[in-house]
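Novice: Kindly generate the complete structure, drawing on both the sequences and the hints.
If you want the building blocks of each chain, they are given just below.
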Amino acid sequence: MIWNKEMECMGLENLKNIQSERLKKIVEYTYKNCSFYKKKMDRHGVNPEDVKCIDDIQKLPITTKNDMRDSYPFQLFSAPLKEVSEIHVSSGTTGNFTVVGYTKEDIRLWAEVMARALGCAGAEPGDMIQIAYGYGLFTGGLGFHYGALEMGLTVLPASSGQTKRQLKLMNDFKPKILACTPSYCLYMAEEAKEMGFDPRKSSWEIGSFGAEPWSESMRKEIESTWNMLATDVYGLSEIIGPGVAHECQHKKGLHVFSDVFYPEVIDPKTGKHVKKGEKGELVITTLTKRAIPLLRYGTRDIVSINYEKCQCGRTLPRISKIVGRTDDMIIVRGINVFPSQIEHVLLGIEGIHPHYQLVVDRKAGELDELEVIVEVEEKIFSDEMKALRSLEEKIKKEIESILGVFVRVKLVEPKTIERSEGKAKRVIDKRTL
Amino acid sequence: MKLTQISVFLENRKGRLCDVGSLLGNHGINIRALTIAESPEFGILRMVVDKPKDAVDILKRKGFIAKLTDIVAVEVDDRPGGLAQVLQILYDNSINVEYMYGFVEKFSDRALLVFRFDSPDKAISVLKKNKINIVGAKAMESI
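So the sequence lines, in the order shown, correspond to chains A and B.
Here my numbering is used: position 68 in the first sequence is 68, and no number is missing along the way.
Here my numbering is used: position 115 in the second sequence is 1115, and no number is missing along the way.
To be clear, the hints were calculated from the coordinates, so they are not data collected in a lab.
Since we're looking at a predicted model, the values are computed, not measured.
Each residue gets a CB set at the ideal place from its N, CA and C atoms; glycine is no exception.
Be aware that a few hints might be false.
Stated by the list, open to error - For lysine-lysine, the following DSS-like pairs were computed, each having C-alpha atoms within a straight-line distance of at most 25 Å:
1. Lys1138/B with Lys1128/B
2. Lys379/A with Lys1128/B
3. Lys193/A with Lys1067/B
4. Lys176/A with Lys193/A
5. Lys1062/B with Lys379/A
6. Lys1067/B with Lys415/A
7. Lys1122/B with Lys1060/B
8. Lys32/A with Lys5/A
9. Lys410/A with Lys1128/B
As the list claims (entries may be wrong) - One-sided and incomplete, this derived list gives chain B residues near chain A with beta-carbon spacing under 7 Å:
10. Ser1007
11. Glu1011
12. Pro1040
13. Ile1065
14. Thr1069
15. Asp1070
16. Tyr1101
17. Gly1102
18. Phe1103
19. Asp1121
Specialist: Right under this line is the structure:
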């Protein structure tokens, strides 16, 4: 269903007017209330009066992940703490948390955009949803929770983990919708099979999967394993959490709720807009947030934007599925490597479940070494050494032909690769540069 | 006439073989024969045990990757040339041996070997025709 027809199917001229009005207000608001932003704009030589319409957004400086870290904990907040209802943090790989806050109004916004997102996935009021994203400081669980309540769904706030219990809930209560990370969804399939349960007979008809990049081949794997529609949700805690964009049932890109989250695509090197339709870093401005509005936040996610009206009737622009993150990307012997490329190869080799990890290392005075660690699963295990060796060789050759980089492949026992919050840790860089 | 072998994927890590051994031991499963094929990174542990189906269930529950394969146990004269005699028969009939290994315990005054063939049924009929004794699951239980 389309949750908010007025906003989601609006004519582009109208949309632009709303965006322009909102941008002017939010720039004034942050300049006035957040000394961090005032300084940033002053340094950049831009005044709120310079911003008169949405196209003037390019005059503003980019807000970076480092700005988030440097303003720890609350300096990027525009609202006083006593007006903040909820605080979430996401764990950075280095140093401090990234801290975000929500006023009551922001929570209402979050519920609204998540209701729209669930509508994109195909949810209808009255459906039951199993939310298996982590609840707590992580935005995944509560974001879905608020949206599901807003839409009038029946919520199973299962949170992440306890797979046997998840499967029992599904089996006994028959929820129609599942929300979790795509890798956890596939993990549950393994467990289901071990319990003697056929995943194709599950009650889940629709999945809303996100919080980590995943490929088209992984989608196919989920859809065929569970016999369900797998849709992609996009979000990041800095902007709001889940609910920034969501795929509709046509699965041709993720609709960005651009009346509140204005998207741009820039070349990360030059900071300039790329040509229409080209790939670059996604930059988002939160047009209506109160606690911690961000102007032109560099998401580090690589996408392209399609502005054509969708078959579903929504006029909201669509971002492409995330192909990689500028900071997930590793450079091995000068070549850019995205974990999603490796995932694609593994899924192409029949039966390999995408639990893998890339380890990059460089011994003193030597070239980078890339090791691909792959968990063996029953489908590909053989009692014959030559079969396993040739599998290793096949993975190695296919990865090398796609990446053009020499790799070592290592087969390991199941569940040896570390998982956190249901997110698999894809890259370990041991190089000390 | 075929026997069931369990094969287990093992990483070359300290203590993994011990883990399998004690797991099966604790569940009262007896290992009759075993061998390990190894690469620098991992190994394949192959075993003949008294209760193969139970053993596989137990291993899988503990997160091991394990599977069952048909193998053939053959009695060979325990004297110089005993093995060669059997291999000659297989060679003459173009039967390929994927791998083979010996039993831990003595079954009789003859040696007992386990063969993994690409075509076990054909191998059994050829060996029988040549009067080589094949040990079935029933006879195994009496060891």
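Novice: With the threshold set at 25 Å, check whether the alpha-carbon distance from Lys176/A to Lys193/A stays at or below it.
Specialist: With Cα atoms ~20 Å apart, Lys176/A and Lys193/A stay inside 25 Å; holds.
Novice: Verify the proposed pairing of Lys410/A with Lys1128/B, using a straight-line Cα cut of 25 Å.
Specialist: violated, 42 Å
Novice: Does Thr1069/B pass the interface check with chain A, least Cβ-Cβ distance below 7 Å?
Specialist: holds, 5 Å
Novice: Quick one, is the Asp1070/B hint okay against chain A at 7 Å, beta carbons?
Specialist: At about 10 Å, which exceeds the 7 Å cut-off, the nearest Cβ of chain A leaves the hint on Asp1070/B violated.
Novice: Hinted pair, alpha-carbon criterion (25 Å max): Lys1062/B, Lys379/A. Please report holds or violated.
Specialist: holds, 17 Å
Novice: Taking 7 Å as the limit, does the beta-carbon of Gly1102/B come near enough to a beta-carbon in chain A?
Specialist: Violated - the Cβ of Gly1102/B stays beyond 7 Å from chain A, reaching only about 17 Å at its closest.
Novice: Given a cut of 7 Å on the nearest C-beta pair, is the interface hint for Phe1103/B held or broken against chain A?
Specialist: violated, 18 Å
Novice: CA of Lys1138/B to CA of Lys1128/B, is that 25 Å or under?
Specialist: With a Cα-Cα distance of about 17 Å, the restraint between Lys1138/B and Lys1128/B holds, given a limit of 25 Å.
Novice: Hey, does the Tyr1101/B contact hint survive, CB to chain A under 7 Å?
Specialist: With a closest approach of 12 Å, the Tyr1101/B hint is violated.
Novice: Holds or violated: are the alpha carbons of Lys379/A and Lys1128/B at most 25 Å from each other?
Specialist: Violated - the C-alpha atoms of Lys1128/B and Lys379/A are around 34 Å apart, more than 25 Å.
Novice: Does the closest beta carbon of chain A sit nearer than 7 Å to the beta carbon of Ser1007/B?
Specialist: holds, 4 Å
Novice: Holds or violated: is there a CB of chain A closer than 7 Å to the CB of Ile1065/B?
Specialist: holds, 5 Å
Checked against the numbered hints above, the structure breaks hints 2, 7, 8, 9, 12, 15, 16, 17, 18, 19 and satisfies the rest.
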